[in-house]
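Q: One letter stands for each residue in the lines below.
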Amino acid sequence: MSIRLGGGQGFYGDTPRAVEGLLAEGVDYLCLEALAELTLAILQKDRARDESLGYTRDLPRYLAAAIPAVLDGSTKVITNAGGINPRGAAHAAVETARRLGVSGLKIATVLGDDLMSRLGSVRDETAGGLANMETGEPCDSLGTDPLFAAAYLGAFPIADALAQGADIVITGRVADAALFLGPLVHEHGWARDDWDRLAAGILVGHLLECSGQVAGGNFSGEWWTIPEPWKLPYPIAEVDADGAAVITKPAASGGRVDVDTVRHQLLYEVHDPAAYFAPDVVADFSSAHFEDLGGDRVRVSGVRGRPATGTYKALLAHHAGWAGETRVAFSWPDAPEKARATAAILAKRVEMAGLEVQEWCFEEWGVRALGGPTVPPLPEGVEPSECVMRVAWRCDDERTATAVGRELVPLALSAPPAGLTGMGRGMAGGVTELLGIWPTLVDKALVDPHVTITIEEV
Amino acid sequence: MMRLALRELCGYRAGDKGDTADVALFADDDDVYALVVREVTAARVKAHFGSMVLGGVERYEAPNVRALNFVMRGALGGGGPRSLRADNLGKTLGGALVRLEIEVPDKLAARRRPRPDVAWADAILATLPRR
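Same order as they appear, the protein sequences are chains A and B.
Position 121 (the first sequence) corresponds to 121 in our numbering; numbering is contiguous.
Position 56 (the second sequence) corresponds to 56 in our numbering; numbering is contiguous.
Hints listed in this document are in silico derivations from the structure and should not be mistaken for laboratory results.
There may be inaccurate statements among the hints.
What the hints assert, rightly or not - Restraint-style ranges between C-beta atoms, simulated for each label pair: (1) 422/A to 50/B: 24 to 32 Å; (2) 123/B to 74/A: 35 to 43 Å; (3) 50/B to 307/A: 38 to 46 Å; (4) 43/B to 145/A: 33 to 41 Å; (5) 56/B to 99/A: 48 to 56 Å; (6) 413/A to 54/B: 35 to 43 Å; (7) 99/A to 125/B: 37 to 45 Å; (8) 421/A to 131/B: 16 to 24 Å.
Said to hold, decoys possible - Capping the alpha-carbon separation at 27 Å, the derived lysine-lysine pairs in DSS-like fashion look like this: (9) 91/B to 313/A; (10) 444/A to 313/A; (11) 91/B to 46/B; (12) 231/A to 91/B; (13) 46/B to 45/A; (14) 313/A to 45/A.
Heads up, the beta-carbon is just placed ideally off N, CA and C, and yes, glycines get one too.
Isolated chain A, as found in the complex (with noise of 0.2 Å):
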């Protein structure tokens, strides 16, 4: 028997909209991914303001959506929508059934992700001592105060939830793949060291996490070919006991399922695709094998794991500044030299105002902001017909940030020709907070202890 995930939601951002096309179609499961490490951050600014908030705000929107197929019995729902607050967003979950009239449905919320309440013991005891994991610096190098700081959980909690009868289970900072392991483990009943599949599971988990990722969005290949791409194809996959499944998606959808759609997705952010790190095994992508079955049906197979590691992934975020940008539009001829010089010119006028900038950023917009010293240089006599300039900066408080973004405006009508214009509106000047974030390693053995299910009845 095979077991139908849907892939509801790829970001925060993403539509809730995309639940009635999947439940139309019929899936055992709705899984609902929400985090990314920018997502960590904008909850945590959030939080920052109303200590009930840091959990998805869209979440009552999608259980809306979901809650009369959750009632019949013939879907649930697994998000980690929780975010850096899984306590608030289950609040949030009791409060929209409760709106709605329901009663009956189970509520789990998994909770042991968080490690801020214990971090100084858990830098001091787990091996690696909270090191960064891309730069190797040590902990003691994070500057100040870390503002969240949560382990990437795993499958067995959610498969736990599931065997105590939930019907809608919210993680904080589960693995975006883990999610989708979560049930089939609890409907294959995989063990903890079935390796090969765990990691069948994490490889289908990844492939619909990003929701149309794998079924022809951002796709390289001839994208405008893709059949109707207003219907965004929310992916669905069909995984059988021993780890096979069918990838596909909505036949009332748009969108394109076939191997080459599936194999842009299937190298997203792995880093080495034959060790894929995910909590409770690591996969070997390169192991897979894929069959275009036709009618945008991929059939996976072959994949292989290994046992996983003893340590989490943990994410910690530290404040990091204050950031302002703005951008001014100049036109042929001489745009990019225009530009240029306008860029100087407010970089001087900042430095005479006494504003202390950390970093400043010029891209030239129209000539080479993206692709920076890949993009070859014009071939002589071609000038682009129009350039922006793209000026953000930093600065370590947020009053200098926004006095940097006003010494723009006086150039109006003291800058090179032909004007400020391209400004658009809405030039509030708001500044952002920055966050450095700081991926780390945590020894297994100072969570799993902290992992504690809830289930609420409604």
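Since the structure of chain A is already known, use the hints to place chain B on it.
A: Structure of chain B alone, referenced to chain A:
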């Protein structure tokens, strides 16, 4: 032998983890895969990106899908929530990679990936109220 940009031979996708960019290159067939395994080395990619990538570049092979994955350290201006770059998540670095020109044997020299036809998009846009 002639030089050809990777855009004529390969697909791409890029993403981020912290200050590390992951850029995958997907060969169109076995001949192209063998070619890019030989030609598109980590050192060459590191040189191509120049000042955009402060740290090292590692290369991984996935022959089952005829793909290479380049892991580029210190490539995102400090990482998504910290970076001042507009493309703070490195999504455009795949396109930047396929600008790279490599030497191709004669039998692949005529390869060109098709260029987009978005007549359908223009037709949609033509129906919208504008002035």
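Q: Which of the listed hints are broken here?
A: Violated hint (a single one): 13; every other hint is consistent with the structure.
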